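Novice: Sequence:
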Amino acid sequence: MSLYTSKNPAGVAAMETGAIFAVLASGAVNAHMNGLQAMRQARESSNSQVLRHQLGVAIDRAQSLCDVAVQQASEIEQLKAENARLRAASATYLAAARRRAAA
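Under my numbering, the sequence shown is numbered contiguously, ending at residue 653.
Calculated from the structure, these hints are not laboratory results. All figures in this text were calculated on a predicted structure; none of them were measured in a lab. One or more hints might be untrue.
DEER-style ranges, computed between Cβ atoms [stated by the list, open to error]:
1. Q622 with A646: 32 to 40 Å
2. M583 with G561: 31 to 39 Å
3. A575 with A612: 52 to 60 Å
4. A572 with H603: 41 to 49 Å
5. R593 with T567: 32 to 40 Å
6. A653 with L615: 52 to 60 Å
7. A653 with E625: 39 to 47 Å
8. Q628 with A652: 32 to 40 Å
9. G606 with A641: 51 to 59 Å
Note that CB positions come from ideal geometry on N, CA and C, so glycine has one too.
Please build the complete structure, drawing on both the sequences and the hints.
Specialist: Below, the structure written as structure tokens:
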């Protein structure tokens, strides 16, 4: 009989330990990758909220500028009407002044 069995005890222990460490390493890598994915999602969510806020501010600013533009367009139309009225009055006074000067 041989002192040794067909299995090498040190080799078997090394293989079992290696298998255990491989499973643990695989779990650690999966946990790390899941953590990275969660971090990316949190960052994207934060960026989405920032962009949503910036969009809201931009929409509010655009609305206020639109309101100002509408008010100014209305005022321009009023000024054009007043300008036309003043031109007509000026032409009437000028014609009357020329008639008096010619008389």
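Novice: A range of 51 to 59 Å was offered for this pair. Does it hold for the Cβ distance of G606 and A641?
Specialist: 53 Å, holds
Novice: With 39 to 47 Å as the target window, see if A653 and E625 comply at their CB atoms.
Specialist: 42 Å, holds
Novice: Against the range 31 to 39 Å, how does the distance between the Cβ atoms of M583 and G561 compare: consistent or not?
Specialist: With a Cβ separation near 32 Å, M583 and G561 satisfy 31 to 39 Å, so the hint holds.
Novice: Is the gap between the beta carbons of A572 and H603 within 41 to 49 Å?
Specialist: Taking Cβ atoms as reference, A572 and H603 lie about 47 Å apart, which means the hint holds.
Novice: May I ask you to test the hint 32 to 40 Å on the CB atoms belonging to R593 and T567?
Specialist: 38 Å, holds
Novice: Does the hinted range 52 to 60 Å hold for A653 and L615 at CB?
Specialist: Because 56 Å falls inside the window, the suggested range holds.
Novice: Tell me if the beta carbons of Q628 and A652 are separated by a distance inside 32 to 40 Å.
Specialist: Since Q628 and A652 have Cβ atoms about 36 Å apart, the given range 32 to 40 Å holds.
Novice: Is 32 to 40 Å respected by the C-beta to C-beta distance linking Q622 and A646?
Specialist: With Cβ atoms ~36 Å apart, the hint holds.
Novice: How does the Cβ-Cβ distance of A575 and A612 compare with 52 to 60 Å: does it lie in that range?
Specialist: 54 Å, holds
Consistency note: the structure conflicts with none of the earlier hints.
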